[in-house]
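Number of protein chains: 4
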Amino acid sequence: MKSKINILIAGGDMRQIFCAEKLADIYNVKVVGIDREFSGTDFPDGECDCIVLPVPPLDENGNINTPCSDDIISPDMLKNIMKKDCIIFTGRYDKRLNELFPYNRIIDYMSREDLSLKNAVPTAEGAVQIALDELPVTLSGLSVLIVGMGRIGTALAEILKGFGADITVAVHNAKGAGKARVIGIKSVCTKDMDTDYGLVFNTAPELVFDRELLRKFSDDTLFIDLASRPGGFDFDSAAELGKKVIWALGIPGKTAPVTAGEIVAETIINILSEGGD
Amino acid sequence: MKSKINILIAGGDMRQIFCAEKLADIYNVKVVGIDREFSGTDFPDGECDCIVLPVPPLDENGNINTPCSDDIISPDMLKNIMKKDCIIFTGRYDKRLNELFPYNRIIDYMSREDLSLKNAVPTAEGAVQIALDELPVTLSGLSVLIVGMGRIGTALAEILKGFGADITVAVHNAKGAGKARVIGIKSVCTKDMDTDYGLVFNTAPELVFDRELLRKFSDDTLFIDLASRPGGFDFDSAAELGKKVIWALGIPGKTAPVTAGEIVAETIINILSEGGD
Amino acid sequence: MKSKINILIAGGDMRQIFCAEKLADIYNVKVVGIDREFSGTDFPDGECDCIVLPVPPLDENGNINTPCSDDIISPDMLKNIMKKDCIIFTGRYDKRLNELFPYNRIIDYMSREDLSLKNAVPTAEGAVQIALDELPVTLSGLSVLIVGMGRIGTALAEILKGFGADITVAVHNAKGAGKARVIGIKSVCTKDMDTDYGLVFNTAPELVFDRELLRKFSDDTLFIDLASRPGGFDFDSAAELGKKVIWALGIPGKTAPVTAGEIVAETIINILSEGGD
Amino acid sequence: MKSKINILIAGGDMRQIFCAEKLADIYNVKVVGIDREFSGTDFPDGECDCIVLPVPPLDENGNINTPCSDDIISPDMLKNIMKKDCIIFTGRYDKRLNELFPYNRIIDYMSREDLSLKNAVPTAEGAVQIALDELPVTLSGLSVLIVGMGRIGTALAEILKGFGADITVAVHNAKGAGKARVIGIKSVCTKDMDTDYGLVFNTAPELVFDRELLRKFSDDTLFIDLASRPGGFDFDSAAELGKKVIWALGIPGKTAPVTAGEIVAETIINILSEGGD
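Residue numbers (our numbering), protein chains in the order written: chain A, 1 to 277; chain B, 1 to 277; chain C, 1 to 277; chain D, 1 to 277.
Hints listed in this document are in silico derivations from the structure and should not be mistaken for laboratory results. Treat the hints with caution; some may be incorrect.
For chains that are exact copies, the list does not tell them apart, and a pair is met inside one copy or across any two.
In silico DSBU-like links for lysine-lysine, alpha-carbon gap of 35 Å or less [claimed, not checked]:
(1) Lys30 / Lys95
(2) Lys244 / Lys216
(3) Lys186 / Lys95
(4) Lys30 / Lys216
(5) Lys254 / Lys30
(6) Lys186 / Lys84
My request is simple: use the sequences and hints to build the entire structure.
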């Protein structure tokens, strides 16, 4: 027996369809603004308990972001569907939402720690996929540097262990070194790091690879930046020096949309079962 | 060339000797209150920059804790050796120290996060050693439950992966589940956990295994508790029910004293290079 | 100082260039029939000690196989370059070679066990790359079946462990089950295998997946066949049933040409240092 | 419903009891010569289809080896129990058996490859247990050498990976190097090996560590020899030089008797289901 909660998925990419499918196991779910077949459960206007908006939620015109549909969905259309105390789940903070829906609870599911942890896995897998696609050598035996020992750095290290790569983690402090040791990886202090690596993943959200540092690496080294804007590289210098840097953003939705959608759904389920954030 | 910092190691077990050896690579180090040969560097009274006390620092008489010596070292003896601004490193908070040395900086190295992280490794190795010693079956293919996904739980999971154990982690919430996923381990919510495990490690510092829960496990299950006092078990019920529970405390110092001592030394080096805590 | 052995690399793809580069570290190496710059060492006609032919060695006209050049290299041209006792290394047995060079030693480097073992690694990495490219879900937590516990099956299992996949190996007999246990993987007898896997790798060189068996799998299952001709699948039935089967042949040369070339070079070095096969 | 095969377990240690328990799941099993309670199924004299003898099968008087009982079991007593075509399973070849039972099929289960493969796992776990018991440092980060890349070397490498040890395998030839690469471990040729290892496992059944080689290692290095007689060490020189060498024989039965017994049982089941060897 399904819960009586009515959820509307509005806009977004394939990830939101897979999110809808997972949510539909326990709630009444309807989808708008994605041109894909979805056999949800209808519910009347004014009866919607939760709306799930995509990443990012709004386009430049202030309408719902609908990259997979030509439909235009305005905030007003959502207001017709919503219950008075409808919860709005958004895939990123956007102050326009607060202005549009001043009386509703707005929850940014992308800022939840459980989602970030889970997303580290598809992100790391996607990053390794890029490395496999780009490199003419095997990861086995390759000297690999991971900058940062957070969620994504940890997930990367686990995967690369299986490949038999020779992994070093660059960390800022003794705590980072301790985290590396816990998962059995050797570490080096970022400021003392060597440069003889065939593959470098950056996960640190700050400028690490400036012109001077980049210059010391071989032209064969592949750099993959997983940090969000502004990224960890002096990209202009990298281009001038002929270094190969790939800035991989938004991996989970691109390379593992089913898993990424399920993670969003699980997070929403967790939030609702906790009684909201 | 050695730094001019003079350090006195006062009391403690073998761990402190190995700590002294490591510190002696860069500082002038002297040892008192451990009956073991140590070829340190002498320095005059009144010239000591740092004193390193053991875990715990004081005995019930208020003297330095010297389990490996019959020497009695009183706090007053230390005062003679100390510089005025001598830093006191202690292996656990003890308010008597604050009374004895009111004008000195007292730093509890055991409470440092980098030390806790690093100590997770010898603790996990020691716990696995106990399991190997006690179990008449291989860890390979064994169904193992780890309660808690903190430092020690993570270190245990990494080691047990290598053995080919079938590992499940019991966690409290979505964040714990996310951490398990990052290192590729399946998780279950503590309150929903099954009981058909051949080996259970508890790392959660709270009563998890009460009488009712213990009753559901097989008598063949081996339980190893790594939580500090009061531990995660109703030990009386466990004894009455004939369950095999081993409460393993203070592992790093017992099973890997060299590594444990080096970790203390590294922590002190880090603190001094940071200019104190 | 280089050895005085003179080696000619004749024809082939990029792999042969990387092979040439590695061999050039210790021998005099010249390349013909690949339109790529290569700064080798010249040697006079009639002074060639070894010729390295590609995979396969000859085209349908009986000339050297030169997929990366429009040059035509006839066996007679090679005869001019060869010393009388020149060793011919070939990338596959071809009886025409025996007829063309009846008095020379002909060694098939592709049939060497050390090469097969080493090639298992780039093959497994390439297979995992295909899986990452094709699947909309993460390998983490995915139920994966590997058919066969030989070199490639073992290399696959090692890599997939790092991803946190739930791996089962299908084996024919108790020996296969034992090999799986040695590397900590659970096994099942091929004839009793379940069919609820999201990803299946076949490494067994025989028909395993016939119509009846394929029918039992979900349409979402991705099958990757790594067996050489005739492959492990009833491909016609798979197509009719709408099953997704990718037959991945010649992976090492395609996805990791540098490593693949180095492996050929190492094998030739080993053979020469052993004094020939 | 049980099979009608009647099996007698005669003599041996605890391993044989656990073997009996596993066999009793599918056959009628009776135990003699082990003073341990076992609730088997009785069958009349002259009706025994198989006899399982221990490792080794006979004592110096030619009676069945009964280390866990004061009972004396003579071969003649077994003859009374046996069917005419009774199969005799023995835990090692002993030519006296062929003289005693010239008309019976005698199968040495210890020489079966599936048993050897499976026994590699408890052997490797037991070896790691010894290392944990003996070493004052963690395996994490320790430089470990494994000599030999067979079953036991492979199983050791897998376990030590989980500990985050820095593993090198010493191999004789290119094939060994290939096998190491398949499981993601670096290798070195035995004759070129370094000597700066904290822990060395030998699995090669030949003299590797002679006086000259041993001399080059640190006195802190722990050596564990897993090779059967005559072992891989010049033990006299090792003792004279003060090197710490542990010769660990018969591990599976000692450290994991349940698993070791089950492996014997599985092997017997496999042999019977194949219709004998």
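Quiz item: Which hints from the list above does the structure break, by number from lowest to highest?
Solution: Result: hints 3, 6 break, sorted rising.
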